[in-house]
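So the protein lines, in turn, are chains A and B. Heads up, the first sequence stops at 128 in our numbering, and the numbers go up one at a time, no gaps. Heads up, the second sequence stops at 128 in our numbering, and the numbers go up one at a time, no gaps.
Don't take each hint at face value.
Just so you know, same-sequence chains aren't split out, so a pair can sit in one copy or run between any two.
Claimed, not checked - In silico BS3-like links for lysine-lysine, alpha-carbon gap of 27 Å or less: (1) K88 x K121; (2) K88 x K40; (3) K121 x K40.
FYI, nobody ran anything at the bench for these hints, they're computed from the structure.
There are 2 protein chains.
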Amino acid sequence: MKSGEPDETWPGMARTPEPPYYAVIFTSMRSAGDKGYDSAAARMEELAAQQPGFLGIESARSPGGLGITVSYWSDLASISGWKANLEHRSAQETGRRVWYADYRIRISHVQRAYGKASSALGA
Amino acid sequence: MKSGEPDETWPGMARTPEPPYYAVIFTSMRSAGDKGYDSAAARMEELAAQQPGFLGIESARSPGGLGITVSYWSDLASISGWKANLEHRSAQETGRRVWYADYRIRISHVQRAYGKASSALGA
Numbered sequence: 006m007k008s009g010e011p012d013e014t015w016p017g018m019a020r021t022p023e024p025p026y027y028a029v030i031f032t033s034m035r036s037a038g039d040k041g042y043d044s045a046a047a048r049m050e051e052l053a054a055q056q057p058g059f060l061g062i063e064s065a066r067s068p069g070g071l072g073i074t075v076s077y078w079s080d081l082a083s084i085s086g087w088k089a090n091l092e093h094r095s096a097q098e099t100g101r102r103v104w105y106a107d108y109r110i111r112i113s114h115v116q117r118a119y120g121k122a123s124s125a126l127g128a
Numbered sequence: 006m007k008s009g010e011p012d013e014t015w016p017g018m019a020r021t022p023e024p025p026y027y028a029v030i031f032t033s034m035r036s037a038g039d040k041g042y043d044s045a046a047a048r049m050e051e052l053a054a055q056q057p058g059f060l061g062i063e064s065a066r067s068p069g070g071l072g073i074t075v076s077y078w079s080d081l082a083s084i085s086g087w088k089a090n091l092e093h094r095s096a097q098e099t100g101r102r103v104w105y106a107d108y109r110i111r112i113s114h115v116q117r118a119y120g121k122a123s124s125a126l127g128a
């Protein structure tokens with residue numbers, strides 16, 4: 006990470022290394038009611054951060070609307086490992102059955118990244 | 006897009022074609038106050054959708070917290086074209102100066118995608 010970048014001020018923003026790395030873009034619509042979702046989501050963020058190859062995670066949900074969580078990983082093997090984690094698999098199953106009216110997962114390869122401090126340079 | 010996918014029910018979720026394509030992941034922390042942001046953000050979504058190569062856009066912001074907007078594009082040239090759009094350039098400049106305390110932009114290549122309907126198949 007370049008010195009002088011202001012990311013450290015904002016704990017919700019991931020402090021990823023220079024690309025290349027991978028991003029898993031998880032877009033979802035919740036079903037009604039909590040049904041244990043909030044605590045499970047917090048636990049999954051905690052558990053993801055302990056996995057090999059984890060680089061960071063960012064999450065946002067508009068009230069009553071779309072949620073987007075992006076997790077960053079060093080390689081595809083790390084993403085497969087996290088998908089296969091037993092506790093995570095149980096949460097995935099509950100997600101399909103209970104928490105999410107719909108969702109979509111996209112696996113992508115991050116090629117370039119720039120921030121507020123560096124964008125004026127024409128990156 | 007596969008038939009039988011339930012995405013049409015949820016207007017906030019992008020209906021993208023099968024990969025490969027590109028995703029621009031825009032993560033941001035707003036500064037305080039609207040300062041014309043909401044109307045400009047709506048205008049930028051409208052304008053983006055008119056650009057060549059645009060495939061879709063998804064956006065979420067937690068109250069008082071992180072915002073994530075992911076736009077999908079057919080190729081890198083389309084992303085460069087949108088970045089260079091004059092009206093968009095003006096909004097980018099106001100974003101840097103006024104609307105965003107911090108932000109980060111990641112350009113990524115989407116390699117795989119699956120949804121609630123297809124995820125049970127082990128994708």
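Task: Structure versus earlier hints, numbers of those that do not hold, lowest first - done: Result: no hint breaks.
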